[in-house]
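*Asks:* Protein sequence lines correspond, in order, to chains A and B. For the first sequence, the working numbering assigns the number 1 to the initial residue and increments by one for each residue that follows. For the second sequence, the working numbering assigns the number 520 to the initial residue and increments by one for each residue that follows.
No wet-lab data here; the hints were simulated from the structure. For clarity, every value in this text was computed on a predicted model and none was experimentally measured. Errors might be hidden in some of the hints.
Unchecked claim - Stretch-level coverage of chain B by chain A, calculated; a stretch enters the list once three of its residues show a Cβ under 8 Å from a Cβ in chain A: (1) 738-749; (2) 756-766.
As the list claims (entries may be wrong) - List of simulated lysine-lysine pairs, DSS-like, C-alpha gap at most 25 Å: (3) Lys-751/B <-> Lys-266/A; (4) Lys-425/A <-> Lys-325/A; (5) Lys-325/A <-> Lys-266/A; (6) Lys-206/A <-> Lys-227/A; (7) Lys-154/A <-> Lys-206/A; (8) Lys-425/A <-> Lys-751/B.
Where a beta carbon is used, it is the ideal one built from N, C-alpha and C, also for glycine.
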Amino acid sequence: MADLVRMAAIGKRYGGVQACHEVDFVLGAGEVHALLGENGAGKSTLMKILSGDVTEYAGSIAINGTPVRFSGPTDAQAAGIAMIHQELDLVPGLSVADNIFLGRELRTTLRTVDRRRMEREARELLDRSGVSLDPRRPVGELRVGEQQLVTIAKAISLDARVLIMDEPTSALTSSEVERLFDVIRELRSSGVGIVYISHRMEEIAKVADRATVLRNGKIVTSFDPRKLSTAEVVQAMVGRPVQTMFTTPDTDTGDELLRVENLSLKARRPRPGRRDPDGISLTVRSGEIVGLAGLLGAGRTELLETLYGVAPGGTRTGRVLLQGKPIRPRGPRQALAHGIGFVPEDRRASGLVLFHSILANTVVSSLPSYGRLGVIARRMERTASVRMADRLRLKFGRLQDEVGTLSGGNQQKVVFGRMLLTEPKLLLLDEPTRGVDVGAKAEIYRLLGELAAQGLGVLLASSELPELVGVCDRVVVLRDGRDVASFSTADSGEGDLLAAAMGQGEVFEEAFDGSGGAQ
Amino acid sequence: MTDVQDKIPDGTVGAATPVAQSSGGVAATLFRFQSVFGLIAVFVAAIIFSPRKNGEILFVSADNLANVVRAVSEIGIIAVGMTFVILIGGIDLSVGAVLGLAAVGSAVLMVENDWGFLPSVVLVLAIGLVFGALQGVATAMIGIQSFIVTLAGLQIARGLARIWSGGQGVAIAYGDGPKEAPTSFALLGERTFGGLVPIPVIIFAVVAIAAVVFLRVSAFSRHLYAVGGNEKAARLSGVPVVRVKIAVFAICGLLASLAGIVHAVQLNQGSPNDGIGYELDAIAAVVIGGTSLAGGRGSVAGTVAGALLLGVLNNILALNNIDSNIQLLIKGLVIVAAAALQRLRPTS
Chain A
1 MADLVRMAAI
11 GKRYGGVQAC
21 HEVDFVLGAG
31 EVHALLGENG
41 AGKSTLMKIL
51 SGDVTEYAGS
61 IAINGTPVRF
71 SGPTDAQAAG
81 IAMIHQELDL
91 VPGLSVADNI
101 FLGRELRTTL
111 RTVDRRRMER
121 EARELLDRSG
131 VSLDPRRPVG
141 ELRVGEQQLV
151 TIAKAISLDA
161 RVLIMDEPTS
171 ALTSSEVERL
181 FDVIRELRSS
191 GVGIVYISHR
201 MEEIAKVADR
211 ATVLRNGKIV
221 TSFDPRKLST
231 AEVVQAMVGR
241 PVQTMFTTPD
251 TDTGDELLRV
261 ENLSLKARRP
271 RPGRRDPDGI
281 SLTVRSGEIV
291 GLAGLLGAGR
301 TELLETLYGV
311 APGGTRTGRV
321 LLQGKPIRPR
331 GPRQALAHGI
341 GFVPEDRRAS
351 GLVLFHSILA
361 NTVVSSLPSY
371 GRLGVIARRM
381 ERTASVRMAD
391 RLRLKFGRLQ
401 DEVGTLSGGN
411 QQKVVFGRML
421 LTEPKLLLLD
431 EPTRGVDVGA
441 KAEIYRLLGE
451 LAAQGLGVLL
461 ASSELPELVG
471 VCDRVVVLRD
481 GRDVASFSTA
491 DSGEGDLLAA
501 AMGQGEVFEE
511 AFDGSGGAQ
Chain B
520 MTDVQDKIPD
530 GTVGAATPVA
540 QSSGGVAATL
550 FRFQSVFGLI
560 AVFVAAIIFS
570 PRKNGEILFV
580 SADNLANVVR
590 AVSEIGIIAV
600 GMTFVILIGG
610 IDLSVGAVLG
620 LAAVGSAVLM
630 VENDWGFLPS
640 VVLVLAIGLV
650 FGALQGVATA
660 MIGIQSFIVT
670 LAGLQIARGL
680 ARIWSGGQGV
690 AIAYGDGPKE
700 APTSFALLGE
710 RTFGGLVPIP
720 VIIFAVVAIA
730 AVVFLRVSAF
740 SRHLYAVGGN
750 EKAARLSGVP
760 VVRVKIAVFA
770 ICGLLASLAG
780 IVHAVQLNQG
790 SPNDGIGYEL
800 DAIAAVVIGG
810 TSLAGGRGSV
820 AGTVAGALLL
830 GVLNNILALN
840 NIDSNIQLLI
850 KGLVIVAAAA
860 LQRLRPTS
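Chain A on its own, in the form it takes in the complex (with noise of 0.2 Å):
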């Protein structure tokens, strides 16, 4: 195979952290080439060079042997490289034909914009992806996953020789990801190069040629995907061996912490989407940690979102008791000062103030301790988030650094430090790894172990079904809105699970949204 693309010794720095150093990587032409690694490895910062998001750098790239320095995005589209997001860049208000022929409208003789042909080569392109989707509609009424699929209907209209997919399937259900495999396998033949990056291991299996593992910014191996173990992979990736990825904390649960009696929430003004608490009732002890199992839209966030007090106004029935005593948090600050921590399901969006330093980030929900009368005592505040830092292993450079800067795992213990800091009893946690790496979800899961033996209480939202099986010691499966079912993680599994998530006759794929699970 003809080299493609050629980058080498490219080096990438950002505040105190490496992200790419010396890296050389070659893609050939009708080529999958998958790129693994923890999330920090430098595999979006390579990538982001190539496709020219990202124009300072050490090292040269060559495109079929021609040396290139690309000035920009439009720069590296020109010459034949196109990406796709792991932030889906869509313009919510436009349709989905729009959002394809963004920035390069079809023009009718009179230079006015040609909806009608737009709307017609839109419809062929998401055929050829396997999509049936009404181009004419807002993208913004789209699923995610949906909106995925437009991403990459998008950059296959570009004709790009390199294609460059970061976490493509994120949000696809299975039935979508075969699609999309077909898709990939349709480019391949006709000589497209692309780069796949993803953390699930039986995609890699299916779709790449080769496969190259990053860590700490340098390439450690390269090999071919079907010819190595998950264990092996994870290996590499991690740096060492990974015995048990879930610590399933034997810690006695103790007293009642939560009680929620039959809560229900008939929202003022219901939105579409979103499936309000109808009757759940459910305890978490301290010292455990309890799971929440449901399809897409059952009602996991709606239920931390009502517990924490921030789900919608409307008439709130049933009873929540913490600790014996019912309560009614009316917002954040309640909740808190009640002993209830959350943390979030986007950390980018509703987590943290990104360009803001880790320190600010880390002690905003516990400023009032540092000092008195409303003055901060800086000191004070440095130990409170060092200590943190310590405690979580956090990996950074500096605490003065923009919280933007780490990687998403390090991210996500900013986010957790922050709520240890207001030394809750009961944590509400949403999707707590979702888009965090291998290795940063061991720590997080070591992390809910040690929290647990302190006699916290954890309530676990989550799409991954190992996850709730390795972690929780109860999982709770809820399925529009209602408890169906309680099951002890000692007796049951992941099948149990999904089979009353589902009910009955529902259609397997679209369970749990296609997310593959920890390794």
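Mind docking chain B on chain A? Use the hints.
*Replies:* Same frame as chain A, now just chain B:
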């Protein structure tokens, strides 16, 4: 990377790694104090281009410098409040009108109603505070964008000023008789320290220093930056977002009315048309000072430098008898240049 990681267990995390410090450190500092360097540059240019009289550089004469700062003080006081509002990602278009309302209020209360100095000032300040707080309530609790709220607030404050003054400027004469303001009020317009430093300058300085210290040490300021940086994250973290917003608009209203009092005493009158367009000058000072209109990033020190920069510029152009229309052009270009420099700031 591994050595960074290894450092954590020793607890030496706080010690900055030399490598990390040097990378981008100089550039970051330059950008951080952009407005200060800008101010120095404009100051030096002012000395060079200053007209001279008998070999003396007019610009740096004590009298002229005092005038520069005095002229800046009103906009400066307003701009400090505006910085707070912009830091939470808002904007306050009402400050000029509130200044007018406060100027009218001072004049009417003291001259026409024969109120004493202290009650008048306290009432006028309270009006600004409440006016700002109400705007904060409208934006934080009802959720109307602050641009709209304060655009409405501008009209309302201007209307109130016209009603209160009867549509006329109210001249302030000093004395003990009826229809005369107490002489103690006139002191606010005097100079001190051997007749060198105007009192309005001291008021400005006190406000600015208080604001800088407040933003440095208070827990409230952390909340304020968090709200501007990511309101949703701030709320979920337990930051009292509504309270922060109301407080910030109240502070801005309070400072605008303080500037109105200073304005009245300097002009010896309160006119309902006072302060027209001041909100734009204040925003300009904040922008030149490097505060991001998107919120969450910026400083009062920058704003002070920005206000002084505009003041020096105005002064040197006036000293050289540059046509006032040309002055506007030059000011506009300076604002664009400052904003353009911001875009070059290294970010992650």
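*Asks:* Now, for every hint given, state plainly whether the structure supports it.
*Replies:* Here is how each hint holds up against the structure:
With 8 residues having a beta carbon nearer than 8 Å to a beta carbon of chain A, the region 738-749 of chain B meets the requirement of three or more and the stated coverage holds. Against chain A, the region 756-766 of chain B contributes 4 residues with a C-beta closer than 8 Å to a partner C-beta. That satisfies the three-residue criterion, and the hint holds. Taken as a hint, the Lys-751/B and Lys-266/A pair is honoured in the structure, with Cα atoms around 23 Å apart against an allowance of 25 Å. Distance check on the hinted pair: Lys-425/A and Lys-325/A sit about 14 Å apart at the alpha-carbon level, within 25 Å; holds.
A distance of roughly 23 Å separates the Cα atoms of Lys-325/A and Lys-266/A; the hinted pair therefore holds under the 25 Å criterion. Using a Cα cut-off of 25 Å, the hinted pair Lys-206/A and Lys-227/A holds, with the two alpha carbons roughly 11 Å apart. Simply put, Lys-154/A and Lys-206/A have alpha-carbon atoms about 24 Å apart, close enough for the 25 Å limit, and the pair holds. Distance check on the hinted pair: Lys-425/A and Lys-751/B sit about 23 Å apart at the alpha-carbon level, within 25 Å; holds.
Hint violations for this structure: none, all hints satisfied.
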